[in-house]
Amino acid sequence: MAETLTIGKALNLGLRRAMEDDAKVVLMGEDIGRLGGVFRITDGLQKDFGEDRVVDTPLAEAGILGTAVGLAMRGYRPVCEIQFDGFVFPAYNQIVTQVAKIHARSRGRLPMPIVIRIPFGGGIGAVEHHSESPEAYFAHTPGLKVVAVSNPVDAYWGIQQAVAHPDPIVFLEPKRRYWEKAEVDTGATPGPLFASRVVRGGDDVTVLAYGPMVKTALQAAEAAAEEGRSVEVVDLRTISPLDLEPVFDSVRRTGRCVVVHEAPVTLGLGAEIAARVTETCFHSLEAPVLRVGGYDTPYPPSKLEEEYLPDLDRVLDAVDRVMGF
Numbered sequence: 001m002a003e004t005l006t007i008g009k010a011l012n013l014g015l016r017r018a019m020e021d022d023a024k025v026v027l028m029g030e031d032i033g034r035l036g037g038v039f040r041i042t043d044g045l046q047k048d049f050g051e052d053r054v055v056d057t058p059l060a061e062a063g064i065l066g067t068a069v070g071l072a073m074r075g076y077r078p079v080c081e082i083q084f085d086g087f088v089f090p091a092y093n094q095i096v097t098q099v100a101k102i103h104a105r106s107r108g109r110l111p112m113p114i115v116i117r118i119p120f121g122g123g124i125g126a127v128e129h130h131s132e133s134p135e136a137y138f139a140h141t142p143g144l145k146v147v148a149v150s151n152p153v154d155a156y157w158g159i160q161q162a163v164a165h166p167d168p169i170v171f172l173e174p175k176r177r178y179w180e181k182a183e184v185d186t187g188a189t190p191g192p193l194f195a196s197r198v199v200r201g202g203d204d205v206t207v208l209a210y211g212p213m214v215k216t217a218l219q220a221a222e223a224a225a226e227e228g229r230s231v232e233v234v235d236l237r238t239i240s241p242l243d244l245e246p247v248f249d250s251v252r253r254t255g256r257c258v259v260v261h262e263a264p265v266t267l268g269l270g271a272e273i274a275a276r277v278t279e280t281c282f283h284s285l286e287a288p289v290l291r292v293g294g295y296d297t298p299y300p301p302s303k304l305e306e307e308y309l310p311d312l313d314r315v316l317d318a319v320d321r322v323m324g325f
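If you count the sequence shown from 1, position 95 lands on 95 in the working numbering, and the numbers rise without skipping.
Please note that a few of the clues may not be correct.
Claimed, not checked - With a straight-line cut-off of 27 Å between C-alpha atoms, the simulated BS3-like cross-links for lysine-lysine are:
#1 K47 with K215
#2 K181 with K215
#3 K215 with K101
#4 K101 with K47
#5 K47 with K24
Unchecked claim - With beta-carbon atoms standing in for the labels, derived distance ranges:
#6 D313 with G63: 49 to 57 Å
#7 A182 with R252: 48 to 56 Å
#8 D21 with V198: 53 to 61 Å
No lab work stands behind these hints, which were simulated from the structure alone.
Using N, Cα and C, we set each Cβ at its ideal position, and we do this for glycine too.
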């Protein structure tokens with residue numbers, strides 16, 4: 001059955017279906033119950049599933065994740081909502097020292113089927129600590145998987161696949177895209193979770209993006225087409241593990257590559273991807289792999305965020321530069 005859904009509604013329905021399919025799925029987070037979350041992603045779920053399965057927690061992210069570890073050890077599948085990206089850091093110790101390591105530490109005896117939902121990125125005019133892009137911290141941590149959805153279809157199916165997965169997953173949701181709409185076939189068979197996808201074909205330049213920057217990359221590709229340039233856009237979808245075979249195939253055809261993300265460029269995901277594309281596709285490259293990202297400064301006040309965030313013009317500038325070699 002196909003219906004038009006926003007990313008936010010797709011996540012809500014995906015969580016509902018996951019809870020219907022498995023009574024061990026428990027949602028935890030600040031204001032996720034009666035309020036339905038600040039972005040209303042969990043709206044109506046406490047009413048339908050009860051306070052024992054949709055738990056309003058204290059304002060204590062370390063406590064949320066610590067409790068989730070104990071629940072996972074007892075066979076539950078906790079889904080923890082971090083209200084805003086910048087609030088995850090009080091829980092960072094729990095995530096990287098416990099959540100990521102207990103499966104290996106127990107020699108496989110204790111799986112950690114925990115999903116950590118994090119609305120991430122800027123563009124909503126918020127105050128400090130509400131517009132971070134912390135994905136590289138988690139992608140650098142062995143034992144964690146990191147997913148970044150960009151559209152309602154991936155949101156609906158991805159959250160269900162993440163909940164059913166045996167390993168801990170940091171599930172990144174592009175908060176400024178929560179209200180973007182697309183048709184979702186809720187009766188379809190989903191593709192694999194940890195796989196990148198070509199979302200626009202092209203021949204001249206490969207542009208890689210994930211999360212909120214996928215729409216920006218597609219807009220840049222449309223603008224480039226008006227100038228006679230054919231830009232291929234790849235939605236990485238998963239940051240760890242990276243599925244780069246479709247990327248390599250694309251770069252071998254186009255000979256040029258641009259990586260786009262909101263996080264600061266220095267030591268961001270773009271650096272890892274650029275290195276691996278260069279190592280694997282060196283003889284196909286006609287130009288260096290270029291990166292477009294946030295500046296190496298703390299996220300600015302909301303009045304300045306449009307100057308900070310990568311936009312269509314900055315992506316097009318990178319396309320022009322790689323075409324100039």
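Verification of the supplied hints:
For a cut-off of 27 Å, the pair hint linking K47 to K215 is broken: about 34 Å separates their Cα positions. With a CA separation close to 12 Å, the supplied pair K181 and K215 stays within the 27 Å bound. About 34 Å separates the Cα atoms of K215 and K101, which puts this hinted pair outside 27 Å; it is violated. Straight-line distance between C-alpha atoms of K101 and K47 comes to about 35 Å, which puts the hinted pair past the 27 Å bound.
A hinted pair counts as satisfied when its Cα atoms are at most 27 Å apart, and K47 with K24 qualifies at roughly 17 Å. Between D313 and G63, the C-beta spacing of about 43 Å breaks the proposed range 49 to 57 Å. Evaluation of the 48 to 56 Å hint for A182 and R252 yields a failure: the beta carbon distance comes to about 30 Å. A beta carbon spacing of about 30 Å between D21 and V198 contradicts the range 53 to 61 Å that was offered as a hint.
When held up to the earlier numbered hints, the structure conflicts with 1, 3, 4, 6, 7, 8 and fits the remainder.
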